[in-house]
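Colleague: Quick note on the numbering used here: the first sequence kicks off at 4 and runs consecutively.
If you're looking for bench data, these hints aren't it; they were derived computationally from the structure.
If you're wondering where the values come from, they're calculated on a predicted model, not measured in any experiment.
Hints are supplied without guarantee of correctness; some may be wrong.
[Unchecked claim] Derived Cβ-Cβ restraints for the label pairs, each shown as a range:
| hint | residue 1 | residue 2 | range |
| --- | --- | --- | --- |
| 1 | Ala175 | Ser270 | 21 to 29 Å |
| 2 | Ile44 | Ala175 | 55 to 63 Å |
| 3 | Met247 | Ala160 | 44 to 52 Å |
| 4 | Asp115 | Glu192 | 23 to 31 Å |
[Claimed, not checked] Straight-line Cα separation of at most 27 Å, DSSO-like style, residue types lysine-lysine; simulated pairs:
| hint | residue 1 | residue 2 |
| --- | --- | --- |
| 5 | Lys32 | Lys100 |
| 6 | Lys142 | Lys120 |
| 7 | Lys95 | Lys83 |
| 8 | Lys411 | Lys142 |
Beta carbons are placed, not taken as given, at the ideal position from N, Cα and C, and that holds for glycine.
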Amino acid sequence: MHDIRAIRENPAAFDAALAKRGLSPLSPKILALDEARRARITASETAQADANAAAKQVGQAKHKGDLDEFERLRALMADKKAEIAELDAQAKAEDEKLRDLLLTIPNLPHDDVPVGKDEADNVEIHRHGTPPNLGFAPKEHFDLPAVQGGMDFETAAKISGSRFVILSGGVARIHRALAQFMLDTHTTENGLTEVNTPVLVRDEAMLGTGQLPKFAEDSYQTTNGWWLIPTSEVTLTNIVSDTMIDEGYLPRRYTAHSLCFRSEAGSAGRDTSGMLRQHQFEKVEMVSITKPEDSRAELDRMTKCAEGILERLDLAYRTMALCTGDMGFGAQRTHDIEVWLPGQNTYREISSVSVCGDFQARRMNARFKRDGAKKPEFVHTLNGSGLAVGRCLIAVLENGQQADGSVKLPSALVPYLGGRSILTAEGVLA
RNA sequence: GGAGACGUGGCCGAGUGGUCGAAGGCGCUCCCCUGCUAAGGGAGUAGACGACGUGAAAUCGUCUCGAGGGUUCGAAUCCCUUCGUCUCCGCCA
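All chains should be built: construct the whole structure from the sequences, respecting the hints.
Modeller: Below, the structure is given as structure tokens:
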């Protein structure tokens with residue numbers, strides 16, 4: 004949600020920022036609506052002020068017994084009332100029109116975001132590790148002998164349809180261990196607070212973080228109106244919706260392990276094999292609420308938290324600064340972390356970390372007050388995956404594959420696997 | 001699912017038709033006293049929007065007592081609808 008005042012003050016800058024995202028200028032339309040709306044408000048308030056003045060006199064007139072004056076004022080008030088009703092109805096309609104428009108406009112990119120059209124223009128800002136030299140032709144995760152029995156797409160399809168999977172045995176255990184490992188790392192070493200949230204939410208929550216109104220088709224909705232969260236960014240960020248936070252309480256840093264649900268509308272035919280792209284998956288999410296001046300540094304901190312997980316798992320990755328054309332709706336700047344997948348012989352996204360500025364805070368009315376200050380300000384919000392558990396499982400399996408069909412597991416995971424460090428070719432932890 | 005209660009400013013909490021944007025308390029800000037682990041005294045302290053102005057402010061106006069609608073000259077206060085919260089019973093992981 005954009006600040007109409009900011010647009011009013013500098014429409015050129017607003018349009019220029021939108022242009023970086025490949026959008027045509029919107030300020031003329033916005034300002035026209037805004038002016039119409041304000042003129043209507045002024046007219047309505049003037050009429051209201053007249054009516055209020057009359058209301059004060061009417062009681063006195065009746066008290067004095069001045070019936071002519073009483074009737075004159077009553078008539079005046081009736082006129083004003085009708086006038087106000089009409090003006091208000093128009094103002095309300097114009098206001099909603101403006102709000103609806105503002106709600107569908109994406110966030111403005113930070114100045115330090117590379118300008119570009121699509122994925123090809125993203126800029127690598129960091130790289131860690133080197134793809135393992137396996138000495139044989141690597142397989143994709145779902146073709147690994149060690150995984151065959153533990154990752155069952157056919158049975159899942161029978162029960163639920165495509166883009167679902169059933170994990171079992173050692174594979175299921177590794178998946179669970181990954182989530183535990185991530186949560187423990189974030190809470191004990193990165194200073195995040197563990198949170199467990201609902202996965203069913205109301206419209207307002209989805210509106211607050213920006214999934215609604217524009218991207219309804221990407222999420223699932225229950226028959227009685229709840230939405231299934233596409234990420235716990237929705238619930239974690241909305242913790243501070245409609246609140247006034249004391250300055251000393253910032254920053255707040257949350258992490259949660261949750262199920263995520265995505266319809267993957269529009270991605271038919273993409274990543275159809277394996278568990279890279281599912282309708283239901285698990286993710287450990289990070290969310291930070293900060294003061295405005297701290298949010299940009301927080302983005303780098305959060306990026307490091309996500310990268311740290313991969314480093315401990317001995318996985319090679321690179322970090323990309325998304326270009327203006329590739330960023331998500333609510334982001335001012337986004338870092339995608341891509342992990343090396345030997346089976347695909349490429350880097351694939353495993354985390355996306357974004358700073359949203361006050362974009363979401365405006366939508367959900369999340370504010371804070373500085374010590375001694377009179378006016379509240381909107382907080383800044385950030386979110387990032389830390390990490391996508393299913394994709395991390397893929398990475399661990401593919402990177403650890405060995406010539407004999409077994410998978411060597413990262414040492415950081417061993418304590419979470421009862422001391423076992425190998426998934427044998429038969430799919431057993433050993 | 002059945003029965004009932006409640007929804008007020010950053011927080012708690014008064015307030016059942018007008019003089020209430022709203023007592024009191026807490027918290028916070030400033031000042032005084034004291035003097036230094038504490039306490040006492042005084043003053044101030046809601047938000048949104050609009051106008052003016054534009055570095056912030058000040059000023060004026062409108063709206064807001066969960067939301068929407070109604071009654072009334074006039075509503076936080078009465079009526080209706082709706083959303084939310086809580087309690088008890090039932091059911092249940």
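Colleague: The structure should be examined with respect to each hint, and the outcome stated for every one.
Modeller: Each hint, compared with the structure:
Taking 21 to 29 Å as the suggested C-beta distance range, the pair Ala175 and Ser270 conforms, at roughly 26 Å. With their beta carbons about 59 Å apart, Ile44 and Ala175 fall inside the hinted range of 55 to 63 Å. For Met247 paired with Ala160, a C-beta distance near 49 Å keeps the hint of 44 to 52 Å intact. For Asp115 paired with Glu192, a C-beta distance near 28 Å keeps the hint of 23 to 31 Å intact.
This hinted pair checks out: Lys32 and Lys100 have alpha carbons roughly 11 Å apart, not beyond 27 Å. Between the alpha carbons of Lys142 and Lys120 the distance comes to roughly 33 Å, so the proposed pair goes past 27 Å and is violated. Taking the CA atoms of Lys95 and Lys83, the gap is near 18 Å; set against the 27 Å cutoff, the hint holds. Annotation: proposed proximity of Lys411 to Lys142 holds, straight-line Cα distance about 14 Å (limit 27 Å).
In summary, the structure is inconsistent with hint 6 from the numbered list given earlier, while agreeing with all the others.
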